[in-house]
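**Q** Let chain A serve as the given structure and place chain B on it in line with the hints.
There are 2 protein chains.
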Amino acid sequence: MSGEQELGITESKEHSPGEWYAEVVQKAGLADYAPMGGFIVTRPRGYAIWERIQDHLDGWFKDTGVTNAYFPMFIPESYLEREKDIVEGFDPEVAWVTHGGNEELEERLAVRPTSESIIAPFMADWTRSHRDLPMRLNQWCSVVRWEATETKPFFRTKEFLWQEGHTAHTDEEGAWDETMTRLEQYARLYEDVMALPPLKGRKPEHDKFPGAHTTTSIEALMPDGKSVQAATSHYLGTSFAEAFDITYADADEDENTAHTTSWGLSWRAMGALIMTHSDDQGLVLPPALAPDQVVVVPIWQEENKDEVIEYAADLAAELDEAGVRVELDDREHRNPGFKFNEHELNGIPLRVEIGPHEVEDEEATLAHRPDGEQETVDREGIAETVQEHLDTVHGKLYASAEETLEGEIREADSREEILGTIGQHGGYVKCGWCGDEDCEDPIKDAIAAEIVMVPLDRDEEPIHDACAICGEDAEETAYFAKSY
Amino acid sequence: MSGEQELGITESKEHSPGEWYAEVVQKAGLADYAPMGGFIVTRPRGYAIWERIQDHLDGWFKDTGVTNAYFPMFIPESYLEREKDIVEGFDPEVAWVTHGGNEELEERLAVRPTSESIIAPFMADWTRSHRDLPMRLNQWCSVVRWEATETKPFFRTKEFLWQEGHTAHTDEEGAWDETMTRLEQYARLYEDVMALPPLKGRKPEHDKFPGAHTTTSIEALMPDGKSVQAATSHYLGTSFAEAFDITYADADEDENTAHTTSWGLSWRAMGALIMTHSDDQGLVLPPALAPDQVVVVPIWQEENKDEVIEYAADLAAELDEAGVRVELDDREHRNPGFKFNEHELNGIPLRVEIGPHEVEDEEATLAHRPDGEQETVDREGIAETVQEHLDTVHGKLYASAEETLEGEIREADSREEILGTIGQHGGYVKCGWCGDEDCEDPIKDAIAAEIVMVPLDRDEEPIHDACAICGEDAEETAYFAKSY
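Respectively, the protein sequence lines represent chains A and B. As numbered in the numbering used here, residues 649 to 1132 make up the first sequence, in order. As numbered in the numbering used here, residues 649 to 1132 make up the second sequence, in order.
Careful, some of the hints might be misleading.
Identical copies carry no separate label here, and so any pair may be met within one copy or between two of them.
In silico lysine to any residue, SDA-like type, Cα no more than 20 Å apart, as pairs [as the list claims (entries may be wrong)]:
| hint | residue 1 | residue 2 |
| --- | --- | --- |
| 1 | Lys675 | Met783 |
| 2 | Lys987 | Lys1044 |
| 3 | Lys710 | Arg693 |
| 4 | Lys675 | Pro769 |
It is worth saying that the hints were derived from the structure and are not from the lab. All of these numbers come straight from a predicted model, not from anything done at the bench.
Just chain A, same shape as in the assembly (with noise of 0.2 Å):
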């Protein structure tokens, strides 16, 4: 960042999405492109929130019995091939390593697009009996899917940073547990630490994992109007477990098959966040992942300067001492005004002002990101009025995006209904399905649209007695909308 004329976003979020994002992510030196299309450089601004959401999500996983491992990063393609058992019509677009320095190898190696096939025939090895189970790995890690699509930095790239869950245990009840378990701290991160209410549903039967018998996901409702499967959680029934025989003795030395689960969450959630609190003027973030939360900008003439910034530094310090993340800008070659903007950019939550008014009346001025609303308040017991304001803006978040999402779900019941109301205002419409995946073709030709998920309950009733599109017998509730 060298000069003013690059600081500000010169895109509009309204008008023209696509480049404010993108410009939102170089600027705020989240992302850079790499050199190979479909590859990103994750900047220390970027990888620092990706590295909370771990921080958060671990400690979660950890204390709900999972634990970390490593698997090798290449398949072999006969490994990767197992799968064929489980899924018709497998063909991985996948990264392929067919030579070793300069020999060609006997078997090409695929970069791993998903563990499955690798780490299903060690923990069928692991597991003799009903006391090595349930096992729960999970690993954090990169993958590769050749799919060739626009780069989009943490939507779309090539390779991509994600946490992958493979857990295995005696019986269906254990495993649907655990399907559920990931799918709620998926999206206790969305509500409590990104400030994104998300829809939590299920997957209809043509869409799930392959191999999966329930593929649940939490979609989260984007500015555009469109859904973002925003993470995924799969109980595998017994298909994988027969496909790599993973099989314990239970208490009677009786040979039983284990039910598998897998879930993953990737850098999406980034992407997520950034695109749906950000705003004209750069990146905005929730304070839990916010790698500076607060802000302290000493505003000073000659003639005062030496105590406005010691009263600054003084109160950086103190919040520094209290675990707010917290930096001091008393940087003399810029003024404040730029200083202001440059924060904006970044998504500083909260910024302090101290000029000589709140050195002589013992205050200090707080200003919320993104709204702007400011609040002097008194010096004393300034740690607690910051958290405070802190949460003040984590609610503020949340209380937006809660608004537009609930705006932004409508029912429909016939196909025009459907097309008119995606067509008009994007997000979310529900309407009667009958359970055929031929009902969702008229929608995906005419607009894009897809299912992007049903209720979870399976006995729930549907909304309507009809399928919105053939009108015959209503299974379930569809969730129809345009997706990432």
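**A** Positioned in the frame of chain A, the structure of chain B alone reads:
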């Protein structure tokens, strides 16, 4: 682990160290061999050790100005080849990705063997003014080097986990300070966390990292008398900055070339840890890295079962409360002897035995791993007592490794003496050296020992006036050793 017959280590550390090491790694549940030669699966008990190493180092890095980032795992061949400007005869032994999905790539991609060539161009982009420096980036990732050697978990694997730090500075002083800061942090990890005193030194000119001005390393002595390069920290001078155009405008707006460093520590540290401290009963871990630091084993008869287990559970809860990583082993289907063996195999540093006598006398019996030393202590103040004993265990491990190291540094002043001393004892031999690579060759050829380091201080007087090999004037002191 399904039966008692599998529990014991059958190989001997003294007589078959290679087989013993492999057996400890597998039976203690640290790693398994992957289906592809050269790759391993890191199991939860192994990965937990790596996570603790990460936690320590990452905290120290961040305290000293380092920020984490993430660069692509692939490097275009043309980028990698830019290192040819720096390194003569550059021929990377890497894994090549040649196909994405069913398409052949226009340019093949190397799976990163190290990331200088993809990071440096971005550092160049991000560095404009002296205010952007120092720039300190680090990433935790895996890298792949396609070397055809026998697989040895954590020591020799084609894919390995590591961190790689890359920094840029305005001048030599800043870059050299950085190089030494990281070397000191690596040494601190070995000493304070791993209980393993290393040597600090510099690589001879002919064995530097390609393109580096100076390569420093820490070296750790293994029980078989071989040295392990335990971490490296390179001062790269301006060679990479020149090749990749990392320049900055100084305060006078003059353009200058930056000075850069890189530094890395891999999971080889885990290998050194396991090999040094473990014994014929299995794994031995220093308390700072042990996933479980303490196991509480209640030993009951039918008539006192409830009270013994309750007493043990209370004690474990108190330790847990105090922040000790503790496990209560109240399994019914295993007898105490089996449990003791299992916990010894798994390297739990401290065992707390609770029998009816301990309950009656309000005491607890502590047993140290590895030497089995026991002490019966008061129940009151148990958390503090346990912490003292954990410190004692660390101290014992450190003292033992230090004693071994001190006894294994010998002097020599002739070629025959070098060959004889290393041939007979292993360990390090230090001698005067003229500085010519040719004088290393006869030792290398005869017994595969090499100069693993020279003193950090370039001005240090050599221990002898003459080169032990050629008899010419000695320029410095060389440390010969066989090496991993």
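**Q** Take the hints in turn and mark each one as holding or not.
**A** Here's how the hints hold up against the structure:
no.: 1; hint: Lys675 - Met783; verdict: between (43 Å within a copy, 18 Å between copies)
no.: 2; hint: Lys987 - Lys1044; verdict: neither (24 Å within a copy, 54 Å between copies)
no.: 3; hint: Lys710 - Arg693; verdict: between (26 Å within a copy, 13 Å between copies)
no.: 4; hint: Lys675 - Pro769; verdict: between (45 Å within a copy, 18 Å between copies)
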